[in-house]
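Build the full structure now, drawing on both the sequences and the hints.
One line per chain: the protein sequences are A and B, in this order. Each residue of the first sequence is one higher than the one before, starting from 491 at the first, in the numbering used here. Each residue of the second sequence is one higher than the one before, starting from 80 at the first, in the numbering used here.
Wrong hints could be hidden among the right ones.
[What the hints assert, rightly or not] In silico SDA-like cross-links for lysine to any residue, where the CA-CA straight-line distance does not exceed 25 Å:
id, chain 1, residue 1, chain 2, residue 2
1, A, Lys643, A, Val633
2, A, Lys568, B, Lys166
3, A, Lys654, B, Lys191
4, A, Lys568, B, Pro359
5, B, Lys166, A, Ile673
6, B, Lys191, B, Pro296
7, B, Lys191, A, Val633
8, A, Lys643, A, Phe662
9, B, Lys166, A, Val732
10, B, Lys191, A, Glu655
11, B, Lys191, A, Ile673
12, B, Lys166, A, Phe662
13, B, Lys166, A, Glu655
14, A, Lys568, B, Leu319
15, B, Lys191, B, Phe224
16, B, Lys166, A, Val633
17, B, Lys166, A, Ile707
18, B, Lys191, A, Ile703
19, B, Lys166, A, Thr628
20, A, Lys654, A, Ile673
21, A, Lys568, B, Ile353
22, B, Lys268, B, Ile150
23, A, Lys568, B, His174
Worth flagging that the hints you see were computed from the coordinates, not collected in a lab.
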Amino acid sequence: MLIEIAFFALFAVSCNMLFGYGGLLSMGHAAYFGIGAYTLALLLKNVIGFPLLLAVLLGGMAGGLGGLIVGYFCVRLKGGYFALLTLAFCQFFFAIALMWRSLTGGEDGIGVKKPVFYIPILGSINMRQTTDVYYFVTVIVIVCFFIIWYLTKTPFGNTIRAIKENDERADFIGYNVFLSRLILYTISGFFAGIAGALFAIFQGFVSTGTIDISRSIEVLFMIIIGGTGSFFGPILGSGVYVYFTDRISRITERWEFVLGVLFVLIVLYAHKGLVGLFPWEKIKSFVLSRSKTRGPIS
Amino acid sequence: MEVSIYLIQAIHGLVYGMLLFLVASGLTLVFGMMGVLNIAHGGFYMLGAYLGYSIVVWSGNFWFCLILAPIGVGIAGALVERFLLRKVHILGHAHELLLTFGIYFIIGEMVKWFWGNYPLPFSPPTLLSGSSNIMGATYPHYRLFILCFGFVVLFLMAALLMKTRIGITVRAAVSDAEMVDILGIDVPKVFLGVFSIGSALAGLAGVIAAPFLSPYPGMGLDIMVDTFAVIVIGGFGSLLGAFVASLMIGELQSYGILFIPRLALVFEFLLMAIVLISRPTGLFGEKQ
Numbered sequence: 491m492l493i494e495i496a497f498f499a500l501f502a503v504s505c506n507m508l509f510g511y512g513g514l515l516s517m518g519h520a521a522y523f524g525i526g527a528y529t530l531a532l533l534l535k536n537v538i539g540f541p542l543l544l545a546v547l548l549g550g551m552a553g554g555l556g557g558l559i560v561g562y563f564c565v566r567l568k569g570g571y572f573a574l575l576t577l578a579f580c581q582f583f584f585a586i587a588l589m590w591r592s593l594t595g596g597e598d599g600i601g602v603k604k605p606v607f608y609i610p611i612l613g614s615i616n617m618r619q620t621t622d623v624y625y626f627v628t629v630i631v632i633v634c635f636f637i638i639w640y641l642t643k644t645p646f647g648n649t650i651r652a653i654k655e656n657d658e659r660a661d662f663i664g665y666n667v668f669l670s671r672l673i674l675y676t677i678s679g680f681f682a683g684i685a686g687a688l689f690a691i692f693q694g695f696v697s698t699g700t701i702d703i704s705r706s707i708e709v710l711f712m713i714i715i716g717g718t719g720s721f722f723g724p725i726l727g728s729g730v731y732v733y734f735t736d737r738i739s740r741i742t743e744r745w746e747f748v749l750g751v752l753f754v755l756i757v758l759y760a761h762k763g764l765v766g767l768f769p770w771e772k773i774k775s776f777v778l779s780r781s782k783t784r785g786p787i788s
Numbered sequence: 080m081e082v083s084i085y086l087i088q089a090i091h092g093l094v095y096g097m098l099l100f101l102v103a104s105g106l107t108l109v110f111g112m113m114g115v116l117n118i119a120h121g122g123f124y125m126l127g128a129y130l131g132y133s134i135v136v137w138s139g140n141f142w143f144c145l146i147l148a149p150i151g152v153g154i155a156g157a158l159v160e161r162f163l164l165r166k167v168h169i170l171g172h173a174h175e176l177l178l179t180f181g182i183y184f185i186i187g188e189m190v191k192w193f194w195g196n197y198p199l200p201f202s203p204p205t206l207l208s209g210s211s212n213i214m215g216a217t218y219p220h221y222r223l224f225i226l227c228f229g230f231v232v233l234f235l236m237a238a239l240l241m242k243t244r245i246g247i248t249v250r251a252a253v254s255d256a257e258m259v260d261i262l263g264i265d266v267p268k269v270f271l272g273v274f275s276i277g278s279a280l281a282g283l284a285g286v287i288a289a290p291f292l293s294p295y296p297g298m299g300l301d302i303m304v305d306t307f308a309v310i311v312i313g314g315f316g317s318l319l320g321a322f323v324a325s326l327m328i329g330e331l332q333s334y335g336i337l338f339i340p341r342l343a344l345v346f347e348f349l350l351m352a353i354v355l356i357s358r359p360t361g362l363f364g365e366k367q
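Below, the structure written as structure tokens:
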């Protein structure tokens, strides 16, 4: 379950880059997740002995490429139009995955052979063992988190936030709104692709379910539950989501109902998500005031 | 024989297009006026179908449920608008969208809860259960009924919007809600009315669809995808656009399945993407 949380967290963070930082609500983010998963599965299936890390990276690159192409058309639009167009493209990819049976196996999917590979210092990593998969996935996800976190702190991250606040103003000041959004969309697709590739390794199987509408919906649930706009919100949200769906589905068959109610309540009363419920600001100001008062004395 | 296949396929497309129009008309009204992309609309449609099923089982009269079920769904819509949607209105469109999304989820689950996971048998009323001969091929009456009913709804809605005072208010609020508010019209009340009428239309479409597709739990999501394509192609808020685009999608699907079944799904989204890219406001949409 921890593995599941890990790659879903990465997926959620990549989607939140768009919604939380860029103000772009993507309803078709599963497309890049699916592209990543399919890329990895196809590489491992057709090229014998293909290095796994490279396959994961290429899965991400494929997701990024998909993001670049789709983004070129989508990012000119805003709000509902943007959401719908991303949804349309996601359906488009879904249809391809479903119909192109000779490549993707249609609904039957592709099995992923779990490889054994060697890293010089650490020794062998056997992907058939759950603990090894766990370490592998966790390390990659954490590396990705650092990269994303770093990106949000760069001038580029600030540009994106400025565009979210007011795109017209950002445009007038001289930022290239279109290009910034396109880059953001591409990066987001890249990380979603990596998350998808990790998913493929974990599941050992890729089918049209990975690229389904309901997967795009799932990730939206995660980021809303956790809280948009903050970096840790989606991570918390995906953890809560995976844990709860697992737990509640054991207690009652109606877990989706409980989830729906929870979702509505969060949108209604805690629109910053679970992260927003914690009094971060108060703690921050408390700590700051303490350090300020302490400052002169020491 | 060749000709009749094309003809039958054309009528198939028209029938499905009409059904799409019934769903899309309510959605496009709500979107045009409130700016809310109402995902729960598919839920209301599904609710209509299931409510219709229960009413038919209970009363045994299809015509009775054709009136009662949309009213029930309209009330549900009114409650959702008044107690949920209005509260997140200040937070912006993304949150409204997400809220309707959660509501869709809840409706979908409640439907499964009350009516079970399997498609329900729903036969058309005895008056329409026969079929007739069209150019050497038999065609069920009920589908022809859907066709006629769609036209009736189109004309009624057009008359309501164009000829009555309510229609004028609604059209004014679609084009500029703020200005209408300043002019002294109670916009929240108009919103409430439009939302519940939109939901009732979805419910009506559900009842109409029930004997044709038989109610099943995924029906809401299935039709929503097509409906979104319709309102994007037709232009948000445009009734005429919704009508034309519904028929386009209906025909595209039915001929797509006839000629290139493998790519039938892809065509629709290609069309939608092309329209959005070349004319973001849709074929009949006004400029933003």
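Proposed proximity, A:Val633 with A:Lys643 (alpha carbon, max 25 Å):
holds, 16 Å
For the pair supplied as a hint, A:Lys643 and A:Phe662, confirm whether the alpha-carbon distance does not exceed 25 Å.
Roughly 23 Å between the alpha carbons, so the hint for A:Lys643 and A:Phe662 holds.
Does the alpha-carbon distance linking B:Lys191 and A:Ile673 stay inside the 25 Å limit?
violated, 42 Å
Would the pair B:Lys191 and B:Phe224 pass a check requiring their Cα atoms to be no farther apart than 25 Å?
Judged against 25 Å, a Cα distance of about 29 Å means the pair is violated.
25 Å limit on alpha-carbon distance, applied to hinted pair A:Lys568 and B:Leu319
holds, 24 Å
Under the criterion that the straight-line Cα-Cα distance not exceed 25 Å, is the pair A:Lys568, B:Pro359 satisfied?
Holds. A:Lys568 to B:Pro359 sits at ~10 Å (cutoff 25 Å).
Holds or violated: A:Lys654 with B:Lys191, Cα cutoff 25 Å?
The hint is violated at about 39 Å.
Given the proposed pairing of A:Lys568 with B:His174, does the C-alpha separation stay at or below 25 Å?
Given that 25 Å is the threshold and the Cα spacing comes to 14 Å, the pair holds.
Between B:Lys166 and A:Val732, is the straight-line Cα distance small enough, at 25 Å or below?
violated, 29 Å
Straight-line Cα separation of B:Lys166 and A:Thr628 no greater than 25 Å?
violated, 40 Å
Take the C-alpha atoms of A:Lys568 and B:Lys166, compute the straight-line distance between them, and say whether it is at most 25 Å.
holds, 23 Å
Sort out whether A:Ile673 lies within 25 Å of B:Lys166, counting only the CA atoms.
Outside the cut-off at roughly 35 Å; violated.
In the structure shown, a violation is registered for the earlier hints numbered 3, 5, 7, 9, 10, 11, 12, 15, 16, 19, in ascending order.
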